[in-house]
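Enquirer: Residue-level listing of the chains:
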Amino acid sequence: MSAILPTLSVLFAVIATAVPWGLPADATFILPLVVVMMVFCWRALPGVTLSPVAAVLLGLLTDVMGGGPLGFWALLALIASSAGTYSRVFGADHELGPLWLIWTGLVAGLACFGWLLASAFFLRWIDWWPIAFGAAASVALFPVVLNGLLWIKRSGVRQLPHASYRGRV
Amino acid sequence: MRGERSPFRRRPSRWRGPVELLSFALYFLCAVLLVLSRIGHGLLIDARDDFVDLSAPLLEAASTPVILARHGLQRVRSYAGAFAEIDRLKAENEELKQWEWRAKSLERKVDHLRSLLNAVDEPALHYATGSVIADARGPFLRSALINLGRDNGVRIGYAVINGDGLVGRTVDAGASVARVLLLNDLNSRIPVLVGPAGVRALASGDNSAELRLDFLPDGAQLYPGDEVYTSGSDGVMPRGLRVGVVKGTSGAYKVKPHAELSSLDAVSVLFFDTPALTATDPPSLADPRALSATPEATPAAQPAPAAQPAPRPTAANEPNPLDSALKQAVGVSSGAVSTDEAQAVQQ
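Those protein sequences? They're chains R and H, same order as listed.
FYI, the numbering for the first sequence is 287 to 455, going by the numbering used here.
FYI, the numbering for the second sequence is 150 to 496, going by the numbering used here.
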């Protein structure tokens, strides 16, 4: 599968994080977490080539667009990317259920880590509720996003028939 | 096709040294960036500003359909409740007519008293109106990117308002875009006056929808519904800008901002220059396009003063249907607004 397609799809999501949707203050964490989720999914799905460097760059772009500290979303995207790779190592890439379960555990960990990191960055305890709400929403959205990515993957495979048999990079 | 049977095909696992090394390097890079970001490294800030400037047209293009859709949705909602809204507006109009008469009367009285006291006129405030092209989302920041920048005379520290009241202040200014730190951001601190007694306090953001009221004097008598407005004691914000109303009970007072901070659209930047702002300007102000250059130094788009009958329309000062609403927020009658008038509206 083309390496461009996963990157472009995540890039589209990154741009969407910066668009003024008019979401309430509690829902501000959802869209960046969807970006992280997409990185995880693309890394977990076999035959897809989203490199960790691309994951970090997309995370950095999310940081720049959001105006937050540089490296925060890049770090979370990198952790998700690594987790996606290990989910393949442990053979959890062949079923929706295990992937969903892994994402649930991962996003819980990411939410705690993100909250601690943000609190450490600002040297004060930041409000945990938007992060928890975003994490819960991302768990609920996981099947939708995964199926969307699978649809993109199948479209990409149709355009590049030989790419579906490539090994991962 | 073999891959079509299951989208989640199992693949043999393998460990690769270079990949692990690359991952470690990337983790290290992220940590370094976080540290540099924490200490506010100038290179990082400049690079970010340049990138945001470059990506502004893309963000604006991406935001346009979303903003149009939001407007469409609002229109559909308003159609749904049109009759009730008309009745409400009629009643409100009747009430406002009374207020208009009273405001004019007070204005005359204030003018008379000022002339008796030989009071010095306060400088008028100029403003430029733009729109929000991007939102910041995350645990750190509540900010918005607007399509006004140094070319339009915007500099760091200017107050930003919309039709409802104060929205925030500018914290970054690129050539064509500026970042507005919203009132409810974790780093936002606005000195305010509360209620008719003018109790001094600090309205602090905590990333939630409402603001905290810190440093209230002991025994301060506040009541839910009391108006909160800027005190101007920071030397950055003009005095008398509407912020919100008091909510909650004693010991846990909150401020509900008048402006709907989660769905901002058109906003105006008030060009309010004070010694506090000019003192913090970088020494490279000789360059008129430098960050935080004064509006007067930028020839591209100077804000139009009230006395000029027909200001040259630019992106910054072209007639905007929301202008009348914005004027309401600070009590203005033209392209320039006096802080006196803003205070008179408050009273």
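No lab work stands behind these hints: they were computed from the structure.
Be a bit skeptical, because a hint or two may be false.
[Unchecked claim] Covered stretches of chain R (chain H as the covering partner; in silico rule of three or more C-beta atoms under 8 Å from a C-beta of chain H):
hint, region
1, 302 to 311
2, 349 to 357
3, 401 to 414
[Claimed, not checked] Derived contacts from chain R toward chain H, CB cut-off under 7 Å, selection only:
hint, residue
4, A360
5, L361
6, A423
Virtual Cβ for every residue (Gly too), placed ideally from N, Cα, C.
Enquirer: All the hints need checking, so say for each whether the structure fits it.
Expert: Structure-based check of all given hints:
| no. | hint | result |
| --- | --- | --- |
| 1 | 302 to 311 | holds (count 10) |
| 2 | 349 to 357 | holds (count 8) |
| 3 | 401 to 414 | holds (count 8) |
| 4 | A360 | holds, 5 Å |
| 5 | L361 | holds, 4 Å |
| 6 | A423 | violated, 13 Å |
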